[in-house]
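*Asks:* Okay, here's what each chain looks like letter by letter:
2 protein chains.
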Amino acid sequence: MTSPSHGGDPEFKSQRAHAIFKEVLKRVKPDESEVRRLSRFAHFIMKKVHDAAEELSIDIEDVMLVGSAARGTWVSGEHDVDLFMLFEPPQMRAELELNGIEVGKRVVSKDYSDEEFNCIAYEKEYAEHPYIKAVFGDAAGSRYAVDIVPCFAVQDPSRIESAVDRTPFHNRYILSKIKGLEDEVLLLKQFMRGIGVYGSELRLQGFSGYLTELLIINYGSFLDVLKEASISWKKGMIIDIESHGNYEDNDPLIVIDPVDPMRNVAAALSIDNFARFIDGAARFLDDPSIDFFFPPQVEGICSDEFCSILTERGTRMLFVVFDAPPLVEDILFPQLRRSAEAAVELLQREGFSIHREAIWAEKEHAVILLELEVSELPRIKKHIGPPVWNHKHASKFRSKYQDARFGIYIEDGRYVVDIERRYTYAGDFLDAKLRETSLGKNLKNAPFRIFEDEAILNVLRSNKEFGIFLRRYFAKKC
Amino acid sequence: MTSPSHGGDPEFKSQRAHAIFKEVLKRVKPDESEVRRLSRFAHFIMKKVHDAAEELSIDIEDVMLVGSAARGTWVSGEHDVDLFMLFEPPQMRAELELNGIEVGKRVVSKDYSDEEFNCIAYEKEYAEHPYIKAVFGDAAGSRYAVDIVPCFAVQDPSRIESAVDRTPFHNRYILSKIKGLEDEVLLLKQFMRGIGVYGSELRLQGFSGYLTELLIINYGSFLDVLKEASISWKKGMIIDIESHGNYEDNDPLIVIDPVDPMRNVAAALSIDNFARFIDGAARFLDDPSIDFFFPPQVEGICSDEFCSILTERGTRMLFVVFDAPPLVEDILFPQLRRSAEAAVELLQREGFSIHREAIWAEKEHAVILLELEVSELPRIKKHIGPPVWNHKHASKFRSKYQDARFGIYIEDGRYVVDIERRYTYAGDFLDAKLRETSLGKNLKNAPFRIFEDEAILNVLRSNKEFGIFLRRYFAKKC
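Residue numbers (this note's numbering), protein chains in the order written: chain V, 16 to 493; chain H, 16 to 493.
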């Protein structure tokens, strides 16, 4: 069997792919000593949680190590230790939160100067509920990120009170199935990270760790996930490992949670990241390369290059820059996305037209990029009035515009008048009207400025990440 | 009762209106001597038709004077004499046409040098059927246009074989109702002519003479037609003088033919001319003026003025000029209209945008005017590919565009690539693509050129009518 693609014959491609997997695992799979150290740290911190609870006379049913550290599916260098404290359900959620935070705080605020690990920093964080987030270190200089999260030990996932209560079930499920498949998970995670679709946070809208593990469990290997994705995945496809049955939704990918038939594990995945994964899978299988896992470093775009690209494209660019929005990413990004859509809609309704838009943010700035196909419009614009046979409105319209510079005319039975356009440039128009549109709740009152074309570089010239974002936007090979 | 309008109080307005009507009738109503002359001519020509038929031994049931000359609803100076020869139905349509033409030809080709009227010119014309069209003159220098049309004398309008067979019924119906209302018809016709909506030919798509007569019969007077139009006419309204009942159609105005319940007398009326009449009626009643009947002469636009208007508007203009299309107006105008729509659609699909369009024609040129809001686009344009999960098409798209200057990206789950636009200027694009679009059957192969902005004046600078057309298009007061 021959294939017309440029990647060579299937046999050779398969060999090449397996050589690449080996190389990838060499880089991302922790060695024995790293595994041992993380395991020691996990035991250390679990014991400290038990101790603290006892000292405070707070009853904890169980302390559970969850997440990739528990399942052997973590990537070298990534030392995330998630500890869940399981409390008995009869108490109130508020009480559980209080007790959980108290235990967590005691764990992180003790003096560990005589011990192998010591706490470097901690803070109270809020997801659906408050929990303690801390960083520990050891003598060798390794760092360990710890989340100490309280949850209820419910009997059944259908009886959970909040999403965190579901985590122990996920953990048990994966542990029961993943043995021997850990390397496959590592490959899939690294592949997704490499093509930019790993992470289910709202900034990214990609694949979560739990989702990658389920895909491996379902298909058996990394290569089989790629093959299935590249051949048979369609928008709206359903993966139902435990045969729960019917699930209806408009999500691009539906992976029914094995521990909860009502939940789509892939609900956070955007249509474009779903497509990017299919695209990546097909391209890798066609022409395997380690670049998919470890993409080459990209240089930020420089001012001259930016200008010459714009000349070449013939488009104009507007950048709406919100200064230092004081929001966490999970709140900022959905608002930024919605605001970009609102800006596009606003411009298009006025007759400007958009080639493409994008968003970008870091601590100091949140940016909406708008690449315009039409950035300038004539001085006149059509103002469409009532049908001439709407006698009352027609009469008002006639009086109102009787002195119109170019008179009233009739089109499709309606009065029309050419009125003066207040803003002929898209930038001026956006500057005047953006506030009136549906920006997010928090961005609504955030100060913004608008920059055109290379003027954006006055603000973000020295920001390397922004330069990389621009290069990626133009998808130009370096 | 007071009115907020600027035309003064109703009493005064009504007086003013009636003074205007008097003045209009003074100008358009033929005096006794003109009426006598036309009547003499009509009898002369009817006798000649009878004579010719007898000479040729062709049996004619009746010769009928129809149209405005028969009904006393003709405007001074307009000497149109329509004669219908009614034949007995058992013969074939082809035979009737042959006999009709033979009689007509004999009438117009005789030597009348000893008589009061003589034939100046004639030709065979084709409407639904062939007929003879001639011009006669008298010693005083008056001209008389004659149509000699053969038709069948059917018993009932439901049994007509062609539209001409219906005309005798129209004539009898109007004659039975119009007595005493002739002046009202004259006012309505002249008003419609003044505001540019009189004439049901396809160039104009306005009100026919028969339609104006029916409106007067229905509402009783010119002023009542205006009042009803300005107060209660709506799109889709039905006037059913003989209470025939149901009629369904999307026409803006439905006037059920008193002699044929299946026919809308106003079928040729466009939505915009319907609206223009309502508009004119409302404005006249609000502020009566003789200008509605006899609009002031308009000067053609000059080159400087044209340029300064374009600068003021900020739009660009394209003129598609077909040279000397060898078509009668009833064929040319529908095709020109359709071609204009096709051009607009073509430009808009490409991303150019149209402010307004119009058509114009005379013997030498047929013109599509396109006023552009956006006449230039960037060098790149989006080329949208298949959804990434359409695996076969997706793979083809990837191979085809793998070397695309700006790479392939994903939007809404589809592959997209920015390709180079071949024509960035609307004029160039239209020049290259107009032929591919659905121009009319005859315009399809007609040579055309495209002119931009004032360049059109190189072709049509000396054409007064075109200058007036442009001024009217801009609706600029002179």
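If you are wondering where the hints come from, they were derived from the structure by calculation, not from laboratory data. Warning: the hint list may mix true and false statements.
Identical copies go unnamed one by one, so any copy, or any two together, can satisfy a pair.
Unchecked claim - Within a straight-line C-alpha distance of at most 27 Å, the following computed DSS-like cross-link-like pairs (lysine-lysine) qualify:
hint, residue 1, residue 2
1, LYS44, LYS378
2, LYS479, LYS44
3, LYS28, LYS407
4, LYS250, LYS411
5, LYS411, LYS242
6, LYS411, LYS456
7, LYS242, LYS407
8, LYS415, LYS148
9, LYS397, LYS250
10, LYS192, LYS41
11, LYS459, LYS448
12, LYS192, LYS448
13, LYS37, LYS411
14, LYS397, LYS41
15, LYS148, LYS62
16, LYS249, LYS397
Just so it is clear, the structure is predicted and the values come from calculations on it, not from any experiment.
*Asks:* Run through the hints listed earlier and report the numbers of any the structure violates, in increasing order.
*Replies:* 1, 2, 6, 8, 12, 13 and 14
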